[in-house]
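Given chain A's structure and the hints, the job is docking chain B onto it.
Here are the chains, one letter per residue:
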Amino acid sequence: MKRSSPAQISPDFRRTRVVDQTGIEERAARFTKRSIKQSSKLQALYQVLNMIDLTTLEGKDTDQKVRQLCYKARHPHDELSGIPTVAAICVYPNFVRVAKKSLEGSGIKVASVATAFPSGQSTRAIKLADTRLAVSEGADEVDMVISRGKFHAGEYAFVFDEIAAIKEACGKARLKVILETGELGSFDKVRRASDIAMHAGADFIKTSTGKIQPAATMPVTLVMLEAIRDFYYQTGKQVGMKPAGGISKSKLALHYLVMLRETLGQDWMSNEWFRFGASSLANDVLMQIRKEKTGQYQSAAYFSVD
Amino acid sequence: MAKKTKPLRFDTDWKYDPAPESASAAKINEQYDLFMDGRWQKPLSGKYFETINPANEKTLSRVADASEKDVDRAVRSARQAYEKVWKKMAPAERGKYIFRIARMMQEKARELAIIETLEGGKPIRESRDFDVPTAAQHFFYYAGWADKLNYAFPNKKTAPLGVAAQIIPWNFPLLMAAWKIAPALATGNTVVLKPAETTSLTALKLAEIIQEADLPPGVVNIITGAGKTGAAMVNHPDVNKIAFTGSTEVGKIIQRSIAGTNKRSTLELGGKAANIVFEDAAIDQAVEGVVNGIFFNQGHVCCAGSRLYLQESIAKEFIQKLKDRVATLIVGDPMDKNTDIGAINSKNQLDTILKYIQIGKKEGSAIYQPACSLPKKGFWCPPTLFTDVAQSNRIVQEEIFGPVLAILTFRTDDEVIEKANNTPYGLSAGVWTDKGSRIFNMTRRLRAGVVWANTFNKFDAASPFGGYKESGFGREGGLHGLTPYLEIL
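From first to last, the protein sequence lines stand for chains A and B. With the working numbering, letter number 43 in the first sequence gets 1161, and the count goes up by one each step, no holes. With the working numbering, letter number 138 in the second sequence gets 139, and the count goes up by one each step, no holes.
Honestly, I wouldn't trust all of these hints.
Stated by the list, open to error - Restricting the straight-line Cα-Cα distance to at most 20 Å, the calculated cross-link-like pairs of lysine to aspartate or glutamate (EDC-like) are:
1) K1159/A to D18/B
2) K317/B to D215/B
3) K1409/A to E318/B
4) K1155/A to D14/B
5) K459/B to E1143/A
6) K1355/A to E318/B
7) K1151/A to D18/B
8) K7/B to E1197/A
Claimed, not checked - Now the stretches of chain B that chain A is said to cover, found in silico as 3 or more residues with beta-carbon under 8 Å:
9) 17 to 26
10) 276 to 287
11) 328 to 339
12) 476 to 483
Hints listed in this document are in silico derivations from the structure and should not be mistaken for laboratory results. Since the model is a prediction, treat every value here as computed from it, not as a measurement. Using N, Cα and C, we set each Cβ at its ideal position, and we do this for glycine too.
Bound-form chain A, shown alone (with noise of 0.2 Å):
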């Protein structure tokens, strides 16, 4: 597994790459006229499927909650053959080592939020020691949040010092960073949010938490894939994206891998580098890829709710 140390010598965040709205808008929207047919698309939904860190983050989670869940992810929909897995589970802390062992051998990862998810309201050694409960438990992912109210007060250092600190408190496991992008309030700032990301070591940079509106949009994670394709340029190193909250169609994933293909290219296209964050999607993946293979659709209750 590959992974990112914080670059040597990071820029002045303040002065970080505008981005104009209404183009970056036009542009997303300019990806949805792609049309997907045929065997590009039966591919397609098998890629998304695969994509997928199937989530649960609620209060009322429970270990049986995240076995099924665990299970849905190991057999998506066992009467359809050649169905490939999701990537990986999403869940609190305290649930990672059920996952870990409901998942054991099959390859697919566990990723536990963590730093006082959703708000990232805490003291940092509170989000260091619940960083590494998650990565005690065996996480393999830690998905953190920014201190939001921190980068809004023009604390840059602080942000970018928060971040590399929970990089190494996730030892080996993949630091994937949340910007929160419904509470940053403009482009620009979703821009020198991802750059402070990527500079101070994130392996991923995520949009959302999937507990604010917006999450995820076209155009928000177009600027963060182009904020990713800036900074392989300058440094070398790849960094992952994963939109979250608010995808729960496939017209609509397939939209987005169509603006990953044209905006980061082939060296993307695998879940090492691209995941979709959603609870919902797989259920509609599955019915689209067995409307692909016999022609009708079939309902929804035929597909496993967990």
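Same frame as chain A, now just chain B:
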């Protein structure tokens, strides 16, 4: 770029399958006559010529070749309709007819888009999402003005001019027909319109719509033919107004031939637009705007941003990004919904473009074309970037009218204004900067009819369009677009 970094790879394992629009959803007759006096009439010349699909060179239809006598019949029919019906009609009634044409264009949008793509070579995505809707919008917009001319020109009296002879080019056949016909009708003029000889079909389809809309016979006459037909229209003594969109060369001929007559004219001619990117611009969005600016409609756009001026500090990075973006453009079958760049409109035009590419190479500029497999039949040119270009190069000075971008650099605002204005043309320009005050400074000093800021190739019926210098005179669109068709007292 970091030293060992590999360029991004856009030749991905996942490819898009063909997604073709169905040609059978459009009805094209085997042969078309001339639409005059509300009826389809055989040409007195007895001659027809073939029109082909530039993407596969197959014949689509045969259209009439109007002779001088046919032009005379068309002008007479327009004159009669003007004197007996149209100029007397209540403006609100005129407006109703124009609204009806607009609605019928929307109803037949799919068919019009398919024909525009089959005959013109432009991607179906563009004819479907741009050409046809924008053409309909133009009719809607001017329909609204028909009974409000007193408000458009308060405290003045307005009167129509009479018969307008309108000659349009092959790059936006239906849209240019709309630009010409809609304001002429709204102001009470009658029309003889001639589409370009390689793209007659959507104008003839529009004639069918006009017939079906029950427009009084002779108010709009649509005749087909080549340069000779156009010359006969310009020289006809009973024409009051010439509206021409096309090359500067032909524009000058028209100017000469109407000198000394009392014919009015508007000319919308060539261009060589400067697209200027400053170092503080939103770079990725500017890349997108530059791509749309030059590759929209295969670069067959008079206002195409064909000269790119990059501030030196960002030039290297910008060119890298431009190459990455160009690598994702899909060149091929115009009927495929995923196609970004379709076929060149004609063999003639392809030869011109290829000639200029050779000139560019000979002048010592570095050429970049992405790897793409082009169909064997038909007329094709991949998107082409030239770097290491000097202001004095012919590919910078002359209009190419194809998917070819000349990339230059600059250092200061004054320098780029001087270079951008250093052209006989002055149709459009683009400015990319995050600094508002710079936009105003540039727009004030750039000698171009349209200056786009942080966008490019945006059109709206409510917005006037037209040139400075050898790009022509007169404005089309908006309130300004009414003036060239009116006597304002």
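Each hint, compared with the structure:
1. K1159/A to D18/B: Holds, at roughly 8 Å.
2. K317/B to D215/B: 59 Å, violated
3. K1409/A to E318/B: Violated - the C-alpha atoms of E318/B and K1409/A are around 44 Å apart, more than 20 Å.
4. K1155/A to D14/B: 15 Å, holds
5. K459/B to E1143/A: Within the cut-off at roughly 15 Å; holds.
6. K1355/A to E318/B: 17 Å, holds
7. K1151/A to D18/B: Holds - the C-alpha atoms of D18/B and K1151/A are around 14 Å apart, at most 20 Å.
8. K7/B to E1197/A: 42 Å, violated
9. 17 to 26: With 4 residues closer than 8 Å to chain A, the stretch 17 to 26 of chain B meets the three-residue bar; holds.
10. 276 to 287: The restraint on the stretch 276 to 287 of chain B holds, since 7 of its residues have a Cβ under 8 Å from chain A and three suffice.
11. 328 to 339: With 3 residues close enough to chain A, the hint holds.
12. 476 to 483: violated (count 0)
When the structure is compared with the earlier hints, violations turn up for hints 2, 3, 8 and 12 and for no others.
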